[in-house]
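These are the residues of each chain, in order.
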Amino acid sequence: MKGLFVKDLLVLRRYIRTMAVFVLVYILVFTLIDSADVISGMVPLVLAMMSMAAFSYDELAKWDRFALTMPVSRRQVVGARYLVSLCFTLLGTAVTLVFSLGLGYLRKTGDPAEQLLTAYVVFAAALGFLSLVLPLLYRFGPERGRLFMIAAFLLPTLLLLLFRDSLAALFSSQEVLEQALLVSLPAALLLLGLSFLVSCRVYQAKEF
Amino acid sequence: MQSILQVKDLVKRYRAFTLDHVSFSLPKGSILGLIGENGAGKTTTLKLILNLIRKEGGTVSLFGMDPVRQERQVKEQIGVVLDESYFHDTLTPKDVAAVLRRIYPGWDDGLFERYLRRFSLPKGQAIKEFSRGMKKKLSIASALGHRPRLLILDEATSGLDPVVRSEILDVFLDFIQDEEHSILLSSHITSDLEKIADYLVFLHKGRVVFEEPKDDLLQRYGVLRCGEDVFARLERSQRVGYRRSRFGYEVLVRDRAALRRRFPSAVVDAATIEDIMLFYVRGEQQ
Chain Z
1 MKGLFVKDLL VLRRYIRTMA VFVLVYILVF TLIDSADVIS GMVPLVLAMM SMAAFSYDEL
61 AKWDRFALTM PVSRRQVVGA RYLVSLCFTL LGTAVTLVFS LGLGYLRKTG DPAEQLLTAY
121 VVFAAALGFL SLVLPLLYRF GPERGRLFMI AAFLLPTLLL LLFRDSLAAL FSSQEVLEQA
181 LLVSLPAALL LLGLSFLVSC RVYQAKEF
Chain B
209 MQSILQVKDL VKRYRAFTLD HVSFSLPKGS ILGLIGENGA GKTTTLKLIL NLIRKEGGTV
269 SLFGMDPVRQ ERQVKEQIGV VLDESYFHDT LTPKDVAAVL RRIYPGWDDG LFERYLRRFS
329 LPKGQAIKEF SRGMKKKLSI ASALGHRPRL LILDEATSGL DPVVRSEILD VFLDFIQDEE
389 HSILLSSHIT SDLEKIADYL VFLHKGRVVF EEPKDDLLQR YGVLRCGEDV FARLERSQRV
449 GYRRSRFGYE VLVRDRAALR RRFPSAVVDA ATIEDIMLFY VRGEQQ
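Residue numbers (this note's numbering), protein chains in the order written: chain Z, 1 to 208; chain B, 209 to 494.
Take the hints with a grain of salt, since some may be wrong.
To be verified - If you anchor each label on the Cβ, the simulated ranges turn out as follows:
{"id": "1", "chain 1": "Z", "residue 1": "Leu-185", "chain 2": "B", "residue 2": "Pro-313", "range": "47 to 55 Å"}
{"id": "2", "chain 1": "Z", "residue 1": "Gln-204", "chain 2": "B", "residue 2": "Ser-453", "range": "53 to 61 Å"}
{"id": "3", "chain 1": "Z", "residue 1": "Leu-189", "chain 2": "B", "residue 2": "Phe-418", "range": "54 to 62 Å"}
{"id": "4", "chain 1": "Z", "residue 1": "Leu-90", "chain 2": "B", "residue 2": "Arg-322", "range": "50 to 58 Å"}
{"id": "5", "chain 1": "Z", "residue 1": "Gln-204", "chain 2": "B", "residue 2": "Asp-317", "range": "27 to 35 Å"}
{"id": "6", "chain 1": "Z", "residue 1": "Lys-206", "chain 2": "B", "residue 2": "Thr-267", "range": "55 to 63 Å"}
{"id": "7", "chain 1": "Z", "residue 1": "Ala-151", "chain 2": "B", "residue 2": "Pro-313", "range": "57 to 65 Å"}
{"id": "8", "chain 1": "Z", "residue 1": "Gln-204", "chain 2": "B", "residue 2": "Val-219", "range": "16 to 24 Å"}
{"id": "9", "chain 1": "Z", "residue 1": "Gln-204", "chain 2": "B", "residue 2": "Phe-439", "range": "54 to 62 Å"}
{"id": "10", "chain 1": "B", "residue 1": "Pro-330", "chain 2": "Z", "residue 2": "Arg-164", "range": "41 to 49 Å"}
{"id": "11", "chain 1": "Z", "residue 1": "Gln-204", "chain 2": "B", "residue 2": "Arg-326", "range": "47 to 55 Å"}
{"id": "12", "chain 1": "B", "residue 1": "Met-273", "chain 2": "Z", "residue 2": "Leu-117", "range": "52 to 60 Å"}
{"id": "13", "chain 1": "B", "residue 1": "Arg-322", "chain 2": "Z", "residue 2": "Val-21", "range": "38 to 46 Å"}
{"id": "14", "chain 1": "B", "residue 1": "Pro-330", "chain 2": "Z", "residue 2": "Ser-73", "range": "15 to 23 Å"}
Keep in mind the hints are simulated off the structure, nothing from the lab.
C-beta atoms are modelled at their ideal positions from N, C-alpha and C, and glycine is treated no differently.
Required output: the full structure, derived from the provided sequences and hints.
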């Protein structure tokens, strides 16, 4: 599995470099226009999406057919992809957290506790997003999977908009809101675990 | 002789094609060639052996193990080269080693580098800058780098020029010097198989037409060139297929020595593997 993990990193290294430049430019721009919060939400998601590029590259190279001739199980192939995705998301979260804490410290604004909480929730959201998208990519491949990816973005947004009043009512008390936020990460991790099992099933059934 | 691979009654059904009870075995220390036209079932057979697709019937045994249940142990000992290149364009041979080193317990960096040198492959160059022949050589070097006992090659020499092909065949012949090693290769380039294979399995429309030692085939089969009179006296059991032309008949016969005894004046040449394949597939049977 280590080999597959390393393979993803090597394949994505150019993409990672481009992404690093992209993230730096955005950080700069958003800092200049004083809305650093946007980045805290965006960067982890962008990095979560990085693993999706790996699917496209694999399909282009017809990699999976070869990968499965090696002494690795299908579960390990899926596992390596989940691990890479998790690492990228973690990295994205860490980068933005360091950045927002640093910026807050320099400008003597912002509450570190709040920034930590934001990073925590964004990390959970990114994992939730991955949990939805990865099985879809396994099931439909990167081409059609991309369409579903947009759906995975839109659906939660739509639900949020539709039920915004009842949600606002539900989370009116600070206590409920805080608890909900705290539960978000364990819930996302649980979802990711379930998602992994679903992806394994999909991948087991595939023929190459 | 001990066999390293045994395939028995393999069945796989697709909408337009069925692999129909394919059986054969590969003795240790030898090279078995799967021949057959495009779509005859060669790749399907190899994929079933490698557990890339699910079989609907039959059994496969590799090194005496079940490749589905003991997948890992089996695959550690196999080197595979598929029809197409499968390494990402942006990787270099050095990257490939970095990946495979972490996957195969028996990976040997020194050996891999020796193959890279033998094939004149630059270690640090991206694969997208490689020619087709170079990509194939890289695939072969990577398939050999973990010291496998069995090589499985799907059309390993197709699409390559004669110089590269002979270079690659030499590597296979070196590999087989170790009597613990064996090779299973599919090809429609019959001349390559004629050069290196010990056994041939001929697949046609998803079925095994024959499984025989190559030398026996080349010694026995013949192409008879004759007129209507001789053709009419031939028994159906003697011929495999024939072609009729303005000048007479060309007939693939199973036993050219027997035929010569019966028709001392007839022209009977030794048949090549290509002749045998063509007459089976395209010759008239009746």
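Unmet hints by their number, sorted upward, for this structure = Violated: hints 1, 4, 6, 7, 10, 11 and 14.
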